[in-house]
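Each chain is listed here by its residues.
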Amino acid sequence: MQNADREINKEKISVAEMAKQILEQGRADRLMGWKRGEFFYDNSPAVFENLSELDDFVYDLFCGSNLSKFLVKESRKDGKIAVLLKPCDRYSFNQLVKEHRIIKDNVLPVEIDCDGMLDIDKIRALGIKGIKKITVDGDQLQIDTVYGPKTCAREDVLLMKCLTCKDRVGGDRFELVKEIEAMSSVERYEFWRSELSKCIRCNACRNVCPACTCEKCVFDNDKSGIANKANTDSFEESLYHMIRAFHVAGRCTDCGECTRVCPQNIPLHLINRKIIKDLNEFYGEYQAGEDDFSKGPLTRFDLDDVEPDIVMERGGNK
Amino acid sequence: MSAQILTVKMENIGNLFKAIAADQKLYLPLEQAGQVQFLPYDPADDSQKVRLDVLNTVRSAKDLFFPQSENMVAFKKQGKKIDIIENREKVEAFTVFGVRACDARSFDILDRVFLSEPVDVSYAERRARGTVVTLACNEPEETCFCETFGIDAAKPDGDITTWIADGLLWWQANTNKGVKLTDKLLSVDAGLFVDSTGEAKALEEQQEKIREIISQLPLHGLSLEYFHKEELKTIFNSPKWQELSEACIGCGTCTFVCPTCQCYDIRDYDTGNGVQRYRCWDSCMYSDFVMMAHGNPRTSQVERFRQRFMHKLVYYPANNEGIFSCVGCGRCLAKCPSSMNIVKVAKTIGGEANV
Amino acid sequence: MCSCSCSHEGHEHDHNHGHEHHADALIPVIGVVTDIRVDTPDVKTFRVTAPEGGICFEYMPGQCAMLSIPAVGEAMFSITSSPTNREFMEFSIKKCGTLTDWLHQIEPEQELTIRGPYGNGFPVDDALAGQDLLFIAGGIGLAPLRSVINYCLHHRDRYGSIDIVYGARSSSDLVDIDELKNIWPTLENTNVHLTIDREEEGWDGHVGFVPSYVKELDFSLDKTVLLCGPPIMIKFTLASLQEMGFDKTQVYTTMELKMKCGVGKCGRCNIGSKYVCKDGPVFRCDELDELPDEY
Numbered sequence: 001m002q003n004a005d006r007e008i009n010k011e012k013i014s015v016a017e018m019a020k021q022i023l024e025q026g027r028a029d030r031l032m033g034w035k036r037g038e039f040f041y042d043n044s045p046a047v048f049e050n051l052s053e054l055d056d057f058v059y060d061l062f063c064g065s066n067l068s069k070f071l072v073k074e075s076r077k078d079g080k081i082a083v084l085l086k087p088c089d090r091y092s093f094n095q096l097v098k099e100h101r102i103i104k105d106n107v108l109p110v111e112i113d114c115d116g117m118l119d120i121d122k123i124r125a126l127g128i129k130g131i132k133k134i135t136v137d138g139d140q141l142q143i144d145t146v147y148g149p150k151t152c153a154r155e156d157v158l159l160m161k162c163l164t165c166k167d168r169v170g171g172d173r174f175e176l177v178k179e180i181e182a183m184s185s186v187e188r189y190e191f192w193r194s195e196l197s198k199c200i201r202c203n204a205c206r207n208v209c210p211a212c213t214c215e216k217c218v219f220d221n222d223k224s225g226i227a228n229k230a231n232t233d234s235f236e237e238s239l240y241h242m243i244r245a246f247h248v249a250g251r252c253t254d255c256g257e258c259t260r261v262c263p264q265n266i267p268l269h270l271i272n273r274k275i276i277k278d279l280n281e282f283y284g285e286y287q288a289g290e291d292d293f294s295k296g297p298l299t300r301f302d303l304d305d306v307e308p309d310i311v312m313e314r315g316g317n318k
Numbered sequence: 001m002s003a004q005i006l007t008v009k010m011e012n013i014g015n016l017f018k019a020i021a022a023d024q025k026l027y028l029p030l031e032q033a034g035q036v037q038f039l040p041y042d043p044a045d046d047s048q049k050v051r052l053d054v055l056n057t058v059r060s061a062k063d064l065f066f067p068q069s070e071n072m073v074a075f076k077k078q079g080k081k082i083d084i085i086e087n088r089e090k091v092e093a094f095t096v097f098g099v100r101a102c103d104a105r106s107f108d109i110l111d112r113v114f115l116s117e118p119v120d121v122s123y124a125e126r127r128a129r130g131t132v133v134t135l136a137c138n139e140p141e142e143t144c145f146c147e148t149f150g151i152d153a154a155k156p157d158g159d160i161t162t163w164i165a166d167g168l169l170w171w172q173a174n175t176n177k178g179v180k181l182t183d184k185l186l187s188v189d190a191g192l193f194v195d196s197t198g199e200a201k202a203l204e205e206q207q208e209k210i211r212e213i214i215s216q217l218p219l220h221g222l223s224l225e226y227f228h229k230e231e232l233k234t235i236f237n238s239p240k241w242q243e244l245s246e247a248c249i250g251c252g253t254c255t256f257v258c259p260t261c262q263c264y265d266i267r268d269y270d271t272g273n274g275v276q277r278y279r280c281w282d283s284c285m286y287s288d289f290v291m292m293a294h295g296n297p298r299t300s301q302v303e304r305f306r307q308r309f310m311h312k313l314v315y316y317p318a319n320n321e322g323i324f325s326c327v328g329c330g331r332c333l334a335k336c337p338s339s340m341n342i343v344k345v346a347k348t349i350g351g352e353a354n355v
Numbered sequence: 001m002c003s004c005s006c007s008h009e010g011h012e013h014d015h016n017h018g019h020e021h022h023a024d025a026l027i028p029v030i031g032v033v034t035d036i037r038v039d040t041p042d043v044k045t046f047r048v049t050a051p052e053g054g055i056c057f058e059y060m061p062g063q064c065a066m067l068s069i070p071a072v073g074e075a076m077f078s079i080t081s082s083p084t085n086r087e088f089m090e091f092s093i094k095k096c097g098t099l100t101d102w103l104h105q106i107e108p109e110q111e112l113t114i115r116g117p118y119g120n121g122f123p124v125d126d127a128l129a130g131q132d133l134l135f136i137a138g139g140i141g142l143a144p145l146r147s148v149i150n151y152c153l154h155h156r157d158r159y160g161s162i163d164i165v166y167g168a169r170s171s172s173d174l175v176d177i178d179e180l181k182n183i184w185p186t187l188e189n190t191n192v193h194l195t196i197d198r199e200e201e202g203w204d205g206h207v208g209f210v211p212s213y214v215k216e217l218d219f220s221l222d223k224t225v226l227l228c229g230p231p232i233m234i235k236f237t238l239a240s241l242q243e244m245g246f247d248k249t250q251v252y253t254t255m256e257l258k259m260k261c262g263v264g265k266c267g268r269c270n271i272g273s274k275y276v277c278k279d280g281p282v283f284r285c286d287e288l289d290e291l292p293d294e295y
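These protein sequence lines map, in sequence, to chains A, B and C.
Heads up: the first sequence begins at 1 in the working numbering, then just goes up one per residue.
Heads up: the second sequence begins at 1 in the working numbering, then just goes up one per residue.
Heads up: the third sequence begins at 1 in the working numbering, then just goes up one per residue.
Certain hints may be false.
Here are the computed lysine to any residue pairs in the SDA-like style, where the Cα-Cα straight-line distance is at most 25 angstroms [claimed, not checked]: (1) A:K216 <-> B:K80; (2) B:K347 <-> A:V146; (3) A:K98 <-> A:E24; (4) C:K95 <-> B:K209; (5) C:K95 <-> C:D132; (6) B:K233 <-> C:Q242; (7) A:K98 <-> A:K223; (8) A:K77 <-> B:Q242; (9) C:K215 <-> C:L257; (10) A:K166 <-> A:G138; (11) B:K77 <-> C:L257; (12) A:K223 <-> B:K209; (13) B:K347 <-> A:E49; (14) B:K77 <-> C:V29; (15) C:K95 <-> C:P123; (16) B:K347 <-> A:K216; (17) A:K198 <-> B:K80; (18) A:K122 <-> A:K104; (19) C:K95 <-> B:G250; (20) C:K94 <-> B:K209; (21) B:K81 <-> C:L217; (22) A:K223 <-> C:M244; (23) C:K248 <-> C:F219; (24) A:K132 <-> B:K80.
Everything labelled a hint here was simulated from the structure, so no lab data went into it.
Because the structure is a prediction, the values reported are computed rather than measured.
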């Protein structure tokens, strides 16, 4: 990260204390963070305008949502807004600044630490129901439920994006992409058909995506000819997802929000990762949002860029 | 109406499904790529995984009566002439098994919209042809609050109610349609069920257990009385809508997973060979929902967000004897990308009155 | 109600006898455009009949119909003609969107699809009966009122005096209908008051906005008012009427919001708990006070 105009937590105070100090000292007029939910795991993004509102402020293991995109709207309001950015969120923030979607002068970015966020859906998928409380016990989670105590490994229920965290020693984020590449075309088709035919076209992936900030999306534009709200078959949604992936190509920071919000748990990030992997192979390693000024692989032209027929040369698994 | 209680051993439940599916489509909660949906059961397909342990399917059972999209009518245009071609899909008889108490109640809420005059023909036809077999909830979730709406998860409505207790599936027909299906199953295989009428102690114990769990759930006692008592315009004008809607990203997740959301769009698709008019789900959360040629009365997400919750908590009840358009299934609690939901709205707008 | 006399509550019986006798409210019929008249630079009046001639369906003044050109669009329009006209229906349509642009290009004999009638209409047989009526219209707002005016004139003995105040931006924006110039002003106990927003060469009539003109005309307060026009004109005219001493319960207006189904089910055109397509489009102004200000 190469931006100096940031709040960095040098004194290692709690995030809640940082938030309080920022508002108290008038370093920003408002602060975007997370608000305590109905339960302990359903924190919502929220804007805090004064100290008393901070009573509901929370920063814990269930603050997975990326606040960057909210700034497209928030940075256009009067006054300065401070925003809490986990390491992964900073990439989206930079990318949005680079694309002039966030008015940088109106924002005070605040870098906060993160040890990985938990995914309540993954905990539920383990068959754990009636969840009342979760306590972290080293690598394990002690889960208090209506049906008695349960445990699970913390690593097993981290948000997908945390498993290959860009700022920690994460696993190989292309591992699953490679597995899909290794499939036969029939297997690959079946894999995506099975996943994408679950899509209910709620647009959550698009609306949450920090790279999707068009004023009017082609899919909402009646005059675009592809504003279909319904499918002729259950696999037609693949068109929507592929067009979206191509539109964010080179700009997607791999923040993982698409997969986090998908109500059907479709691993949408894999489509983006496949494109990132290809871009890396074609144009050299590039991380969108690493900074807020450099040109991306698809907005730059070099004489030694690969030719389109690379597609033929590479082929792919038949 | 029959008070007869039948049982079938859980290990033989496959026989029951096969018997139902013998002459009609049977929808079961099946796993698809890790998620559970009501999908057509295929007795010949061993790979299908029936998930009676999962409480909420991602999409609610309303899909079977009000599908996400359906053809209405087609047109052929030739010069100045237009031909109307009726091509609505014919609905065959079907049964859905495993509907939970909340979803079963959602049909009553949808009925009040779609079966009021003028009757929605395609919904009415699906309601008439569909037999609903419900399943009591042995393990309610912390997100459940069906109790708020007087729904008993230990005894769901439906044409037939079933329970899982003591290694048995307990089966009780509630309606003529339910009796008809039961009689038909018995006529094909008299040994399919054991008559357990009068020996339902295990079943009663299970029901007690369910009610006991529900009384311990975090949302137990949630009351929406504020929305019955307070003036419509006072609720509408609450300053709290602003902060509540802040986190809303304007997607349609809550709407599409909701068993009672019923808004739809009517659109035309030019097939190149004619025009297909279809109806599909729509969401009041979408920015173009009420967009007109000359303007949009809901220009920001605050207004769209307010519309959705006002509809559920105030407008629908105003038109339907105070009945809320919510069944407490908890899907929006579990699925909203920003963890915003009807419980937070009710508690924030209703303030202390609702906690 | 369902004519098979089945109770829809409980749904205990199978509807095996089918629902063929329910006309599906969402499926349209064919209408033929037999004549197109240019009323103003951006308003045309379309005459529509059933393919076999005559009106497409029965309706009351103030009710609406869904017109569509498949694959272009479908939208709700107020029926401009009076139901006392048995030969044809008329729709005065302003060019302002995809469908209306398209309609403005068609020629006679063009078919379109039509379904309806939708909405409540004006209470011509109840609250309006026996009353002195004051019609106030701005621009295209005359379209729904024209149906009522002609209905009342047809049943002249059922109503008292009739005053019609009609304004538009310029003389060319006053819809060019025969009745307005040559018929209504000549009838007994019927007065037409025209106004345009700005001075104009060749115009010797009144100049000024409708809300102030209404005040100048100083109507007696026992009239029942039917008001229709752009939202801003409605707002200020209603204020003028109240200043004059009219009560909101004396004033009826019609609303317009986005509609898709026309039968109060698609969830689009609500103002609070009321659906414009079903509970409206005609509202008494005091009824609107009970509803959220979201239109």
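Now the hints, each set against the structure:
1. A:K216 <-> B:K80: Violated, because 34 angstroms separates the two Cα atoms, which is more than 25 angstroms.
2. B:K347 <-> A:V146: The hint holds at about 23 angstroms.
3. A:K98 <-> A:E24: Violated: K98 (chain A) and E24 (chain A) sit about 30 angstroms apart, past 25 angstroms.
4. C:K95 <-> B:K209: 65 angstroms, violated
5. C:K95 <-> C:D132: Judged against 25 angstroms, a Cα distance of about 34 angstroms means the pair is violated.
6. B:K233 <-> C:Q242: The given pair, whose Cα atoms are some 22 angstroms apart, holds under the 25 angstroms limit.
7. A:K98 <-> A:K223: Roughly 29 angstroms separates the two Cα atoms, so the pair is violated.
8. A:K77 <-> B:Q242: Roughly 14 angstroms separates the two Cα atoms, so the pair holds.
9. C:K215 <-> C:L257: Roughly 29 angstroms separates the two Cα atoms, so the pair is violated.
10. A:K166 <-> A:G138: It holds: about 22 angstroms lies between the C-alpha atoms, which stays within 25 angstroms.
11. B:K77 <-> C:L257: 29 angstroms, violated
12. A:K223 <-> B:K209: 56 angstroms, violated
13. B:K347 <-> A:E49: Distance of about 21 angstroms is within 25 angstroms: holds.
14. B:K77 <-> C:V29: 14 angstroms, holds
15. C:K95 <-> C:P123: 29 angstroms, violated
16. B:K347 <-> A:K216: Given pair K347 (chain B), K216 (chain A) is violated - Cα atoms ~34 angstroms apart, limit 25 angstroms.
17. A:K198 <-> B:K80: The given pair, whose Cα atoms are some 41 angstroms apart, is violated under the 25 angstroms limit.
18. A:K122 <-> A:K104: 36 angstroms, violated
19. C:K95 <-> B:G250: 31 angstroms, violated
20. C:K94 <-> B:K209: 65 angstroms, violated
21. B:K81 <-> C:L217: 49 angstroms, violated
22. A:K223 <-> C:M244: 48 angstroms, violated
23. C:K248 <-> C:F219: 15 angstroms, holds
24. A:K132 <-> B:K80: Answer violated: K132 (chain A) to K80 (chain B) is near 66 angstroms, above 25 angstroms.
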